[in-house]
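> These protein sequence lines map, in sequence, to chains A and B.
When we follow the numbering used here, the leftmost residue of the first sequence carries the number 1, and every step to the right adds one.
When we follow the numbering used here, the leftmost residue of the second sequence carries the number 1001, and every step to the right adds one.
Treat the hints as calculated values from the structure; they're not laboratory data.
Misleading hints may appear alongside valid ones.
What follows is a list of derived Cβ distance ranges for each label pair [as the list claims (entries may be wrong)]:
1) A:P8 <-> B:Q1083: 27 to 35 Å
2) B:I1046 <-> A:R44: 16 to 24 Å
3) A:S80 <-> B:R1043: 20 to 28 Å
4) A:F12 <-> B:K1055: 44 to 52 Å
5) A:E69 <-> B:Q1044: 23 to 31 Å
Only part of the chain A face toward chain B is listed, based on derived beta-carbon distances under 8 Å [to be verified]:
6) A31
7) L43
8) L45
9) Y48
10) L90
11) T102
12) Q103
13) F105
14) P107
15) G108
The structure displayed is predicted, hence computed values, not measured ones.
Beta carbons are placed, not taken as given, at the ideal position from N, Cα and C, and that holds for glycine.
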Amino acid sequence: DGGITQSPKYLFRKEGQNVTLSCEQNLNHDAMYWYRQDPGQGLRLIYYSQIVNDFQKGDIAEGYSVSREKKESFPLTVTSAQKNPTAFYLCASRPRTSGGATQYFGPGTRLTVL
Amino acid sequence: AQTVTQSQPEMSVQEAETVTLSCTYDTSESDYYLFWYKQPPSRQMILVIRQEAYKQQNATENRFSVNFQKAAKSFSLKISDSQLGDAAMYFCAYRSPNTGNQFYFGTGTSLTVIP
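Construct the complete structure from the given sequences, taking the supplied hints into account.
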């Protein structure tokens, strides 16, 4: 079955540590996105990538980094510079064809900083 | 950046009744897409319905329909014959064909379905 997978589902991190969240898709989608979701704030865009080896900052990129070495994968690293990293993180992808306006989401990763 | 506003943080509806969730957006673009996503307690985001701005006809998907008012920049979601499984957070989203095809989300409306 085609889809988007995120791992792990729950992640715990100590303050000062970097941590990487995985996002993989086998939908052959060109564009991929990372969002952060906090209570009462909806989804906020962290980074997005429209093609391999290219990505752009979203509205809240500070303290995060990404890479896009393969079309299928778009990992997000939460660095120690992120002041308040505890949140729910959602990865999404979208085909680049003219009719491909819809974004599809993975199941999410809940990150908790201890 | 475009903004999307959902002014109803919480709504409730009796099972089998109809409910309308509101969404307004701010943009200077003429061509764009609008979406409603559902997020149940599992937190998996599910596409409910989408609307292309160039289409005058309102989109419909089974019990879900929208009222798209382009001039008023309004995009409401109507759920007919509400079911218990409709209980979820609902997010309105705007996609710009410019600015890298970014999506902009509202803050969500929590829908409760009363048996």
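> Given the range 16 to 24 Å, decide if the beta-carbon distance of I1046 of chain B to R44 of chain A lies inside it.
Distance hint for I1046 of chain B, R44 of chain A holds at roughly 19 Å.
> Interface hint check: L45 of chain A, Cβ to nearest Cβ on chain B, cutoff 8 Å. Holds or violated?
L45 of chain A check passes; min Cβ-Cβ to chain B is 6 Å, inside 8 Å.
> With a cut-off of 8 Å, does the beta carbon of G108 of chain A approach a beta carbon of chain B closely enough for the hint to hold?
holds, 5 Å
> For the hint 44 to 52 Å, verify it against the beta carbon of F12 of chain A and that of K1055 of chain B.
Holds, at about 46 Å.
> Less than 8 Å between beta-carbons is the criterion; does P107 of chain A satisfy it with respect to chain B?
holds, 5 Å
> Taking the closest Cβ pair, is F105 of chain A under 8 Å from chain B?
holds, 4 Å
> So the hint says 20 to 28 Å: do the beta-carbon atoms of S80 of chain A and R1043 of chain B match that?
holds, 26 Å
> Under 8 Å is the threshold here; is the Cβ of Y48 of chain A close enough to any Cβ of chain B for the hint to stand?
OK, holds: Y48 of chain A within 8 Å of chain B, min 6 Å.
> Under the criterion of a CB-CB separation shorter than 8 Å, is T102 of chain A in contact with chain B as hinted?
holds, 6 Å
> Quick check on a hinted range of 23 to 31 Å for E69 of chain A and Q1044 of chain B, using CB atoms only.
Between E69 of chain A and Q1044 of chain B, where Cβ atoms are some 27 Å apart, the hint holds.
> With a cut-off of 8 Å on the beta carbons, see whether L43 of chain A makes it to chain B.
Holds, because the Cβ-Cβ distance from L43 of chain A to chain B comes to roughly 4 Å (cut-off 8 Å).
> So, as I understand it, the hint says A31 of chain A touches chain B; can you test that by seeing if any CB pair is closer than 8 Å?
holds, 7 Å
Checked against the numbered hints given earlier, the structure satisfies every one of them.
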